[in-house]
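Taken in sequence, the protein lines are chains A and X. If you're matching positions, the first sequence starts at 1 in this note's numbering and goes up one per residue. If you're matching positions, the second sequence starts at 1 in this note's numbering and goes up one per residue.
The set of hints was computed from the structure by calculation and includes no laboratory data. Errors might be hidden in some of the hints.
It does not matter which identical chain is used: a pair holds within one copy or between any two.
With a Cα cut of at most 35 Å, we get these calculated DSBU-like pairs of lysine-lysine [what the hints assert, rightly or not]:
id: 1; residue 1: K459; residue 2: K137
id: 2; residue 1: K436; residue 2: K511
id: 3; residue 1: K499; residue 2: K583
id: 4; residue 1: K227; residue 2: K408
id: 5; residue 1: K625; residue 2: K550
id: 6; residue 1: K497; residue 2: K227
id: 7; residue 1: K59; residue 2: K503
id: 8; residue 1: K72; residue 2: K625
id: 9; residue 1: K408; residue 2: K513
id: 10; residue 1: K372; residue 2: K511
id: 11; residue 1: K398; residue 2: K497
id: 12; residue 1: K513; residue 2: K102
id: 13; residue 1: K548; residue 2: K227
id: 14; residue 1: K175; residue 2: K398
id: 15; residue 1: K436; residue 2: K583
id: 16; residue 1: K408; residue 2: K158
id: 17; residue 1: K550; residue 2: K499
id: 18; residue 1: K227; residue 2: K120
Protein chains: 2
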Amino acid sequence: MSPSTLKLSLLFFFFFFFFHIALLSHAFSHPLDPLAPPEITTVQTIVTSYISSSSTNEKVHFHYVGLDEPDKPTINSWLSSSTTSSSNLPPRQAFVIIRIGKQTRELEVDISNHSVVSNKLYNGNGSPTITSEEIDKSNDLPFKYPPFIASIEKRGLKLEEVVCGSCTIGWFGEKETSNRIVNVNCYYMDGTVNIYMRPIGGVVVMVDLDQMKVTGLRDRAIIPVPKAEGTDYRQEKEAAEEGEGRFRSSLEEKVTMQQDHPNFLLDGHLVRWENWEFHLAFDMRAGPIISLASIFDPEQDSYRRVLYKGFLSEMFVPYMDLTYEWYSRSFFDSGEYGGGLCTVPLQPLTDCPANAMFMDGYFPNQDGLPVKTPNVFCVFERDGQDILWRHTETGIPKRLITEVRKEKTLVVRTVLTLSNYDYIIDWEFKTTGVIKITVGATGLLEMRGTEYTHVDQIKEDVYGTLLAENSIGANHDHFLSFYLDLDIDGEANSFVKTKLETKRVNGNWSKRKSYWTPVSQTANTESEARIRVGSGDTQLVFINPNKKTKIGNNIGYRLYPGSNVGHLMSDDDYPQIRGDFSKYNVWVTPFNKSEIWAGGLYADRSHGDDTLAVWTERDREIKDKDIVLWYTLGFHHVPCQEDFPVMPTLNGVFELRPYNFFEHNPVLNAKNEL
Amino acid sequence: MSPSTLKLSLLFFFFFFFFHIALLSHAFSHPLDPLAPPEITTVQTIVTSYISSSSTNEKVHFHYVGLDEPDKPTINSWLSSSTTSSSNLPPRQAFVIIRIGKQTRELEVDISNHSVVSNKLYNGNGSPTITSEEIDKSNDLPFKYPPFIASIEKRGLKLEEVVCGSCTIGWFGEKETSNRIVNVNCYYMDGTVNIYMRPIGGVVVMVDLDQMKVTGLRDRAIIPVPKAEGTDYRQEKEAAEEGEGRFRSSLEEKVTMQQDHPNFLLDGHLVRWENWEFHLAFDMRAGPIISLASIFDPEQDSYRRVLYKGFLSEMFVPYMDLTYEWYSRSFFDSGEYGGGLCTVPLQPLTDCPANAMFMDGYFPNQDGLPVKTPNVFCVFERDGQDILWRHTETGIPKRLITEVRKEKTLVVRTVLTLSNYDYIIDWEFKTTGVIKITVGATGLLEMRGTEYTHVDQIKEDVYGTLLAENSIGANHDHFLSFYLDLDIDGEANSFVKTKLETKRVNGNWSKRKSYWTPVSQTANTESEARIRVGSGDTQLVFINPNKKTKIGNNIGYRLYPGSNVGHLMSDDDYPQIRGDFSKYNVWVTPFNKSEIWAGGLYADRSHGDDTLAVWTERDREIKDKDIVLWYTLGFHHVPCQEDFPVMPTLNGVFELRPYNFFEHNPVLNAKNEL
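Construct all of the structure, not just a fragment, from the sequences and the given hints.
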């Protein structure tokens, strides 16, 4: 570090220190808190200063800046410290990915002592998450590119009604993939804001993101642009007709009224509700991160850990459309576009109910300076009018006993909007100990223009469903990989598969001829833990092999898959190679700090060489170890007309439920609040 | 009919007429309305009069009395009549099953003209649903049977703390099964009301229901009775300590307040809410029956039929415990005990929210006279804080568009309590056209007493999980068969299975090597429609082959199975033979008025010769016909300690969703009510 840099650093240290204290003053701080805006600014200062001190004159682009979490022993030691407070926080460090001079670099930055701890050139395949600025700029380039303007004119379209969107192009066996190329596809407004219903087919513009210039255009066919009629989804026109503002005023009134009485506590990033406690953080790639989820056990008079860390690791969305502008669409939404970057501000009273509390999220822009997504999460108590448990006892003569307990749950909601699609991610905590994850898929389909106006005209495979005249909704999949570092009552866990096996009754000692009985097998290594879920004849339980209930059952949590699907592409197909985590719904790995992103850290144009599927080839031991469950939630989507022009939400769910974790029903003593 | 009977009939005709008019005056009448109390009384009069006119002096016991529905053409003609009103109701008829002189008889009774239309002796296997009076009396018999009293004394138990419950005994290949026998098993209170946690093991009393006397006792072993400690689930003790009535007062206040403003209309048995209309009736065997469910389509300016009739046809609950008192427990809850007979009154504010409206149910007692189950259904609008659809558009430069619509749904809830188990049956209607059926399993496990107090002592298959000292929760299944007479936009429907097939890309024209495409097959006959659902790679759609959307897609509804399981018992095992509808999750049959109960009309001690599995052996044509979907929802239950002493609700779900039924998203124009 040069003397001038040191001086600058000191200046920034004091600058940052002031802001940090200011931040701390209003909330409890936790070592897993995401980087606060002053910390992001500090990281930017440290890195730009560090880079400018080297020889290069190139501009630094920040592609990722996030908390470099302290390791588990540090966190656990901090948690068990009798003086757990902001004053003894472990050093704050950031993990940073930058692009400079067409190179990708990984830096570890120590925020607390203002230094770059490490600086590594990345030489592998794939590129980091695309920045929002790159997307905006690449979307704008076609409008300055004469051949594109000519293509639009040739189609008789008005250029001012055209908008463009950039698509990652994947990898199809090319040796050289260091160029960061996107395909820019364009859409037509002219009477609608539902741009995805009006694709301008047959023409695509290639853009190099590092050079930020057009590298080519292919205009292969003029395909009819579907009509605007019936595609708009906005209420505002109607509202204007009926009297503007009719909804808004009552909205705000209710928000104010009910937010005064939350049923849960937000203490900085810690959430406490009923018997649950967890930490909620925002990350520009993962979006919401739930950490240290623990449930209070009155019999042990303590919180017991269930989940050390959980988040959406990757979203793989391959389309099944082989036409030229479509075959490459096999998106890795989290890795290519950034799950957190794609979060959108939640709307009070519609995205979240009146009793919700909101949190903001912060991430760096391309220049490294903090940007805010307001209301990135909401947290609310849900009274879904369900029954927690009940019984009516009619079997005791002359008595009628009815006991019913209502269910309330706590929901943490986030919405990720990946261009057309909106994913509603709900983490739901139940007093019974259940953690339920629901992914709601809504938003707009990606449509392909076509000559066809009626199904009877179609004699070929059109890779989708005709949803309106000239509009095909393309067949596609969604595979979401959830990283779930379970710590079932402690770090060392095992994964037990229990098959319900039919047994024949031998001899005549019973009138029955068969029954089923559970036969359990503990998975020793990763290969024994890869499962495609189908029917529920196999139970999947994560146990703590070192702890038992008083009467001797293994303490555990059971994975309840909902309806789910598996991959259908060939093993040797390039998108499948890159997204091979879709091959199984269940994977279990030993905890490894570097294994976080199921599709690889550098997902854009990746070759699939740094993925969950590859890591597990080592077939490591997973018995009685700190293990991670990776759950792939899949959807096959063959669109139907009800999905046009906006899709009703379709939910995918799975749950983690206590399974001999407690000595008995933990909500036996629940009371109804009426 | 003798002259004296005729005179009596006329008298009763006037008597009934008066009551019927009184009934009609307070609500709209519909030909599918369940029998009203005066109608039940009239049936009782007609039948007892008819029977007494014959030579027998035996007492008549009524085992089933229900509406004998007019056939579809009559209903449709009434519906389309311009004068649809109570005045032109089709004749009211009842179907009646009685026992008299140890014989089962089926009668058709014409209520409108006071006559017995047919009277048939039933000579087949199996017996009708057991009456509540028979259960009460058989439960009481052991207390007057000295050998049982001796067995209780031998165990050192107090007789006054003992309660007993009757269990059907099934069929295990015996040739003679006309005797209506139950096994009476007993439980110990003495400090708890949770009787099922305190089984008195090793002793069972056999009772003949027709003779209503004990036919035997087997006391094979003294098994420890599990402790009462920790088993009670009542709040009342606590409430008494903290001040009685603390909850009640606020309860009633809220009910009054919110029931004044229902968001839906109950017009007699017709329910209208948003775009849905359906008829809701109570039947003593089926419980809730949903009929004529139709959804309004603004584009066609009319209601379009989805479901002609839907109800829970049978519940099969086989236990996997081969011990003497347990092997025969393979209950057909609907057929043996009566699904409707086992409904319980719903509790305002806990079973159903404050905005719920309630309906009562009526059924005959053993003597044929009407009995009321108050609050047997509740209907309420649910705001589950979910999102109907949303989109945030970030792709149009300089604009940010966010549109979100909240979801509200309508729920019809019923609770069936089969001794220990409570089933929450929710029929949920969504504005999107979705019909969602949720079965929540809660209540109490059936427990078996055991010597074991710790898992480490167990070296044999104990057919369950040790849940507390001396208490084993036995492994078991639940299979619920739903009868769903779909009429997708008309009666003639077909069942289309669409498999998503992987296709290889031949040649080098695409860089992709594979994709999937839907390949559809219409099921021609019943055998082609039997499906065990597993992964979601096969789509199951019911279409109207005679109607298409404007652009030519088949109008349809898709079955979305949730997580589900299949049977595991051997095909030749007796309980499996009787409950073979559990073999597949999906069955489709041509509509046949006599095929209603998946486990047979006479389920008690049935031989499995009148079941869904047998009917479909004819392999009838189901293409372009009025067809019925039978959906089997299964659970395997390996109990865990969290299920003790009362089980948190575990849900099973499935949905019917419009699939090219509408021209576009039917809730595009939905508005938020804030």
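Status of the hints after comparison with the structure:
In this assembly of identical chains, K459 and K137 lie within 35 Å of each other by CA distance neither inside one copy nor across copies; the values are 40 Å within and 70 Å between. Taking the shortest alpha-carbon separations for K436 and K511, neither the intra-copy value of 42 Å nor the inter-copy value of 39 Å comes in at or below 35 Å. In this homomeric assembly, K499 and K583 come within 35 Å of each other (Cα to Cα) both inside a single copy, at 21 Å, and across copies, at 18 Å. Taking the shortest alpha-carbon separations for K227 and K408, only the inter-copy value of 31 Å comes in at or below 35 Å, while the best intra-copy value is 45 Å.
In this assembly of identical chains, the alpha carbons of K625 and K550 lie at most 35 Å apart only when taken from the same copy (23 Å versus 59 Å across copies). Taking the shortest alpha-carbon separations for K497 and K227, only the inter-copy value of 32 Å comes in at or below 35 Å, while the best intra-copy value is 53 Å. In this assembly of identical chains, K59 and K503 lie within 35 Å of each other by CA distance neither inside one copy nor across copies; the values are 69 Å within and 46 Å between. For the identical chains of this complex, K72 and K625 are intra-copy neighbours only, at 14 Å inside a copy versus 63 Å across copies, given an alpha-carbon limit of 35 Å.
Taking the shortest Cα distances, K408 and K513 never come within 35 Å of each other, neither inside one copy (44 Å) nor across copies (48 Å). For a Cα distance limit of 35 Å, the shortest separation of K372 from K511 qualifies neither inside one copy, at 69 Å, nor across copies, at 40 Å. Proximity of K398 and K497 under a CA criterion of 35 Å is satisfied in neither setting, with 46 Å inside one chain copy and 53 Å between copies. Proximity of K513 and K102 under a CA criterion of 35 Å is satisfied inter-copy only: 31 Å between copies versus 71 Å inside one chain copy.
Taking identical chains as interchangeable, the C-alpha atoms of K548 and K227 lie at most 35 Å apart only when they sit on different chains, with a minimum of 21 Å there against 64 Å within one chain. For a Cα distance limit of 35 Å, the shortest separation of K175 from K398 qualifies neither inside one copy, at 82 Å, nor across copies, at 39 Å. With identical chains, the CA atoms of K436 and K583 are at most 35 Å apart both within one copy (23 Å) and between copies (29 Å). For the homomeric pair K408 and K158, neither the shortest alpha-carbon distance inside one copy (53 Å) nor that between copies (41 Å) is at most 35 Å.
Proximity of K550 to K499 under the C-alpha cut-off of 35 Å is restricted to the intra-copy arrangement: shortest distance 25 Å within a copy versus 49 Å between copies. Within a single copy, K227 and K120 get their C-alpha atoms no closer than 51 Å, and across copies no closer than 65 Å, so neither meets the 35 Å cut-off.
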